[in-house]
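Chemist: Residue numbers (my numbering), protein chains in the order written: chain A, 1 to 409; chain B, 1001 to 1409.
It is possible that part of the hints are untrue.
As the list claims (entries may be wrong) - Ranges between beta-carbon positions, derived for each pair:
no. : chain 1 : residue 1 : chain 2 : residue 2 : range
1   : B       : 1359      : A       : 58        : 54 to 64 angstroms
2   : A       : 42        : B       : 1194      : 22 to 32 angstroms
3   : B       : 1141      : A       : 108       : 57 to 67 angstroms
4   : A       : 216       : B       : 1250      : 53 to 63 angstroms
Unchecked claim - Covered by chain B, per the in silico footprint, the following chain A stretches (three or more residues, Cβ under 8 angstroms):
no. : region
5   : 163–175
6   : 248–259
7   : 305–316
What the hints assert, rightly or not - Residues on chain A that point at chain B, a partial pick, calculated with CB under 7 angstroms:
no. : residue
8   : 83
9   : 121
10  : 142
11  : 192
12  : 194
13  : 264
14  : 290
15  : 293
16  : 296
17  : 302
18  : 332
Source of the hints: derived by calculation from the structure; they are not laboratory data.
Quick reminder that beta carbons are idealized off the backbone N, C-alpha and C, glycines included.
2 protein chains.
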Amino acid sequence: MAQEGADMTAETDCMIDKNVGSGEPSRNVKEMRAVMLSGFGGLNKLRVTKKLMPEPQRGEVKIRVKTCGLNFLDLMVRQGTIDSPPKPPLVPGFECCGIVESVGKTTERFEIGDRVMAFVNYNAWAEVVCTPEEFVYKLPDEMTFAEAAAFALNFVAAYMMLFEVANLREGMSVLVFSAGGAVGQAVAQLCSTVPNVTVFGVASILKHVAIRDSVTHLFDRNTDYIQEVKKISPEGVDIVLDCLCGENTGKGLSLLKPLGMYVVYGASNMVTGETKSFFSFAKSWWQVEKVNPIKLYEENKVMAGFSLPNLLFKQGGSGMVKSVMDRLLRLYNQKKIKPVVDSLWALEEVKEAMQRIHDRGNIGKLILDMEKSPTPLMASDSTETSEAGEEEEEPEGDNDSKERMPFIH
Amino acid sequence: MAQEGADMTAETDCMIDKNVGSGEPSRNVKEMRAVMLSGFGGLNKLRVTKKLMPEPQRGEVKIRVKTCGLNFLDLMVRQGTIDSPPKPPLVPGFECCGIVESVGKTTERFEIGDRVMAFVNYNAWAEVVCTPEEFVYKLPDEMTFAEAAAFALNFVAAYMMLFEVANLREGMSVLVFSAGGAVGQAVAQLCSTVPNVTVFGVASILKHVAIRDSVTHLFDRNTDYIQEVKKISPEGVDIVLDCLCGENTGKGLSLLKPLGMYVVYGASNMVTGETKSFFSFAKSWWQVEKVNPIKLYEENKVMAGFSLPNLLFKQGGSGMVKSVMDRLLRLYNQKKIKPVVDSLWALEEVKEAMQRIHDRGNIGKLILDMEKSPTPLMASDSTETSEAGEEEEEPEGDNDSKERMPFIH
């Protein structure tokens, strides 16, 4: 541990040197706080550090960040269990919200002062973010920055799965394996915008009281929910949304009605411990039942995959996403959907926030809030956070909570 | 060969005994002509024979058949290369058209004299067919029985793939691997009912003149059409319709745009010779690239299978199909779609018709026409057909063709 700590310090120093130094006197250089992932691994690979503030390039928007979304995908990035990850050190995060501070040449749709939410291909967890304007969307006046951080990725993903990949229509049924998460809650709300849609949700029993009203039928993750669904709906369901992708994928496929669609939108079963276990990772990959197209043909079934980050950043899908966002903002303005915020965390609390999503403790979205100060540590907590929070301001404000639970918005 | 011929005769006699005899004096029993498959295998397993005429059970419709559709699937049935086939001897055929001759108790939607088309779970290739009324549809006055035999299975399959499984919308692109077949021609016509849809078709060069106008871009099956499509549309296509399902499936998947859908609706690559080769069958099955859901997730792709017979007869899909048929008949009445008939064949010519579909020589639909007499044999043909045609009427009428090409409607 000591060895690793020493390495980390050197590494962090090196990063600061690299970003800040070389040529210009560091005093003239604008710096910002950012979460840095020094290498793939456990929580100890995350640090809050100082980093050179980016300036917007052609077509980009520079955002003074207020809130960032924290997603299960960020945990997979930390462990290195995603497909072709960039080389660390890196600043994680795929979405942020804030105020436009400046714009690059040829940037047309935004002005200084605009309240926006944005997708970023990494680098979202920082005080300042630059991203191409095709990934930026203006906020409705009524939408808070906390709501916005719970909106973009989750609602766009839920909407596209239900209406672009699948073709959700009146009278259909949907099974969502993670009903309590941010995507699950968005799915439940979007299903309620279509008449007579039945939502089967699976969630930890601890969340049942909180989310009971959001779905039609709710099952405990630790029961044989496939059988429970079959009891209620022997003919099966029209759409299954699976963010786990593991042994249950085959079972879930068996639940589909003819012409039903199974959508894999995550592979969280690949995450088993705090660090990537290559064995469990490979096991998950191979245990996922490979699908023979001839079997799909015989059974009249559809298997789909959906990854919003890949669609946006690798596959040129920003135009498609923009039109989806327009429709979603209309639904928001009509008060038909409302993002569910689980909790807000200071940048320095990123490890605790990540642990909470790892433990699947959240109901709705986990958010990093740039203006929030860390909640004081309890005596039993380790000193790790003070290390991590080397740049943090002094705790102040609403820190009367005895436990390390963040302020819930 | 002599041995096999002797076996066949015994087998045929046995079938006639079984079906006609036992209990009643055969003189009082109503008989009908039917195509009989005596066992899985080559063309020599097919015979026209006499069979006891069925009577409609509760909820069934009895149809005096005028025309029957012949599909690639019938060839796979003959070879035994389908999933859980019934035990032969059997009468093949999944669709027929004709006039209602009587109805069973509780049958409500049909009357004697109605002109109808119907799906049948085998037993379509006979002079009289009984099938549950849920599988029967009235013909528009203008629709001939030949058109009707080219309509039901192909247009329903094409429509459901494009609009129920996939979600074809304005501006999309579709690649169909068998543009010249009956489903391919139905796909092309249905695509033309949606604004600005690009259809990429693949067909044997021999068919290009005939079908050139039905699609936007036409490729020779013997060229690297995947590359050709990429040249025209580097971003890929939205929907691929594949009735081959073999080595090209993986390549076809690579052609999909993000959120694009690959639909397997047949596995005709499993048919290599006249008889089933277990080796080639197993090879095809295993060579079909199994799909890892995580790969679909990373690439934002959708893999679907569609089998109309399974949907109708194993999965209770008749209600869904009925509403599709209603929409299709509206399109027919609006003259937006029109079935393409390749050729009409006498019942006794079933082997030649099957050979033609095996050789993929057809443009549009092959039809068995109960009222047609066999075209006379050419000197070089074998005597097999005269055996097969033991019940046939004398050739008469439009038999002036020198080659064994049937009358084209």
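Chemist: Checked against the structure, which of the hints given earlier come out wrong?
Modeler: 2, 4, 9, 10, 11, 12 and 18
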